[in-house]
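A.B. asks: Listed below, chain by chain, are the residues.
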Amino acid sequence: MDYINSDVGMDSAEYKHDMARYVWGFALSVVLTLAGVVIVAGGVFSTGLAWSIVGILGIAQLVIQFWAFMHLDFSKEARPDLYLVLFTFLLIILMAAGTVWVLADLASRMGMGAGSM
Amino acid sequence: MSNTGAAHAASHDHGHHDKTGTVIFGFWIFLMSDLIAFSLMIANYADAEWHGIANGPSPHELFSLGLPTIETMALLISTFTFGICTLGMKYGASMKRTVGWLILTLALGAIFLGIELYEFHEFWTEGNTPQVSGFLTAYYSLVGLHGLHVTSGIIWGILLMVQMKTFGMNDLIKSRLVRLGLFWHMLDIVWIALFTKVYLMGVL
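Chains as they are written, first to last, in the numbering used here: chain A, 1 to 117; chain B, 1 to 204.
Chain A with its partners taken away, still in its complex shape (with noise of 0.2 Å):
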């Protein structure tokens, strides 16, 4: 894949497919985004649905933008940019939840209760 030229000029096929691309990560991204505050100020949902609807839809908006802005699919081209990337989220799952959960079991040994100290 050639990331910055191109053979063909604005007015062809292949632009206006990539454009496409853009147009539906931004349009799919405003939808979610604005989903997301609307459960929030909404609060039609309980608590604990409401977060967790709030977190699967803040997951979709980052898969579509990886796929539409940072051009992330199956294809061959950009094999190595995905394993690269699958890779980081195996390290952030690791890490991420490795440190949350060593400091609440540090938390819950010195006796600090949730939003206490």
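Heads up, some of the hints might be wrong.
Below, a sample of chain A positions facing chain B; criterion: calculated Cβ distance under 8 Å [unchecked claim]:
1. Val8
2. Phe26
3. Ala50
4. Asp73
5. Ala78
6. Tyr83
Okay, the calculated bits of chain A under chain B, using three or more residues with CB under 8 Å as the criterion [claimed, not checked]:
7. 9–19
8. 54–68
9. 98–107
Listed below are the simulated EDC-like cross-link pairs for lysine to aspartate or glutamate, each with C-alpha atoms no more than 20 Å apart in a straight line [to be verified]:
10. B:Lys90 - B:Asp18
11. B:Lys174 - A:Asp105
12. B:Lys19 - A:Asp2
13. B:Lys19 - A:Glu77
14. B:Lys165 - A:Glu14
15. B:Lys174 - A:Asp7
16. A:Lys76 - A:Asp18
17. B:Lys19 - B:Glu116
18. B:Lys197 - B:Glu116
19. B:Lys96 - A:Glu77
20. B:Lys19 - A:Asp11
21. B:Lys90 - A:Asp7
22. B:Lys90 - A:Asp18
23. B:Lys90 - A:Glu77
24. A:Lys76 - B:Asp18
25. B:Lys197 - B:Asp18
26. B:Lys165 - A:Glu77
27. B:Lys90 - A:Glu14
28. B:Lys174 - A:Asp18
29. B:Lys90 - A:Asp105
30. B:Lys197 - B:Glu61
31. B:Lys96 - B:Asp18
Rather than coming from a laboratory, the hints here were simulated on the basis of the structure. Just so it is clear, the structure is predicted and the values come from calculations on it, not from any experiment. We put the beta carbon where it would ideally sit given N, CA and C, even for glycine.
With chain A held as given, fit chain B onto it using these hints.
C.D. replies: Relative to chain A, chain B alone:
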């Protein structure tokens, strides 16, 4: 004979593409290391928000959704306009058009930063400084770190425009613009996580 020449030209061309590809992949590795740094700051924030309120305000008391939503929209639009900028560049758009979209992108980034600093100022003058609690320390450092990235992105973009004027749109400048674009898109992806965790889940 002309065949050999064409083959040579093709292989030369191929080698050149590989170099740009390698440079961009290297930049991806930097971005992913930055993403790990952000994710650990978020993990730290999640714990501080849970156990580190002390005598300070809780996220629920501190945050409202109005300004952060506008802030989020500004950054989201800017990541889209940067996409238009780099896509046009690849398909041979004029430098004027490319610079125009870049300026619009950086201006939206500046609006984002302005709202963020306004919020910091509001919290600060209400007495909610970083010293008050572990939660506030984590908040200022996490959101502030992202703001610093946006600031450096804006400076980087301005420097790149100077380079465009000086050197013209050669392949090296184009490759740099693509890398700044990746950086900018990554910042919006990080902001999705911050907006969701800090503001949306904080207000709940």
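A.B. asks: CA of Lys165 (chain B) to CA of Glu77 (chain A), is that 20 Å or under?
C.D. replies: Violated: Lys165 (chain B) and Glu77 (chain A) sit about 32 Å apart, past 20 Å.
A.B. asks: Mind checking the alpha carbons of Lys19 (chain B) and Glu77 (chain A) for me, to see if they're no more than 20 Å apart?
C.D. replies: Measuring from Cα to Cα gives roughly 14 Å; hence the hint holds.
A.B. asks: Hinted pair, alpha-carbon criterion (20 Å max): Lys19 (chain B), Glu116 (chain B). Please report holds or violated.
C.D. replies: violated, 38 Å
A.B. asks: If you draw a straight line from the CA of Lys19 (chain B) to the CA of Asp2 (chain A), is it 20 Å or shorter?
C.D. replies: It holds: about 11 Å lies between the C-alpha atoms, which stays within 20 Å.
A.B. asks: If you draw a straight line from the CA of Lys90 (chain B) to the CA of Asp18 (chain A), is it 20 Å or shorter?
C.D. replies: The given pair, whose Cα atoms are some 11 Å apart, holds under the 20 Å limit.
A.B. asks: Between Lys174 (chain B) and Asp105 (chain A), does the CA-CA distance stay at or below 20 Å?
C.D. replies: Violated - the C-alpha atoms of Asp105 (chain A) and Lys174 (chain B) are around 49 Å apart, more than 20 Å.
A.B. asks: Is Lys165 (chain B) within 20 Å of Glu14 (chain A), Cα to Cα?
C.D. replies: Violated, at about 28 Å.
A.B. asks: Take the C-alpha atoms of Lys197 (chain B) and Glu61 (chain B), compute the straight-line distance between them, and say whether it is at most 20 Å.
C.D. replies: Cα-Cα ~15 Å, so holds.
A.B. asks: Between the segment 9–19 of chain A and chain B, are there enough contacts, at least three residues with CB-CB distance under 8 Å, for the coverage claim to hold?
C.D. replies: holds (count 7)
A.B. asks: Given the hinted pair Lys19 (chain B) and Asp11 (chain A), is their Cα-Cα distance within 20 Å?
C.D. replies: violated, 28 Å
A.B. asks: Double-check Asp73 (chain A) for me: the hint is only fine if its C-beta lies closer than 8 Å to a C-beta in chain B.
C.D. replies: violated, 14 Å
A.B. asks: Decide if the proposed pair is consistent with the structure: Lys174 (chain B) and Asp18 (chain A), CA atoms, cutoff 20 Å inclusive.
C.D. replies: Holds, because 18 Å separates the two Cα atoms, which is no more than 20 Å.
Violation of the numbered hints given earlier is confined to hints 4, 5, 6, 11, 14, 17, 19, 20, 25, 26, 29 and 31; the remaining hints are satisfied by the structure.
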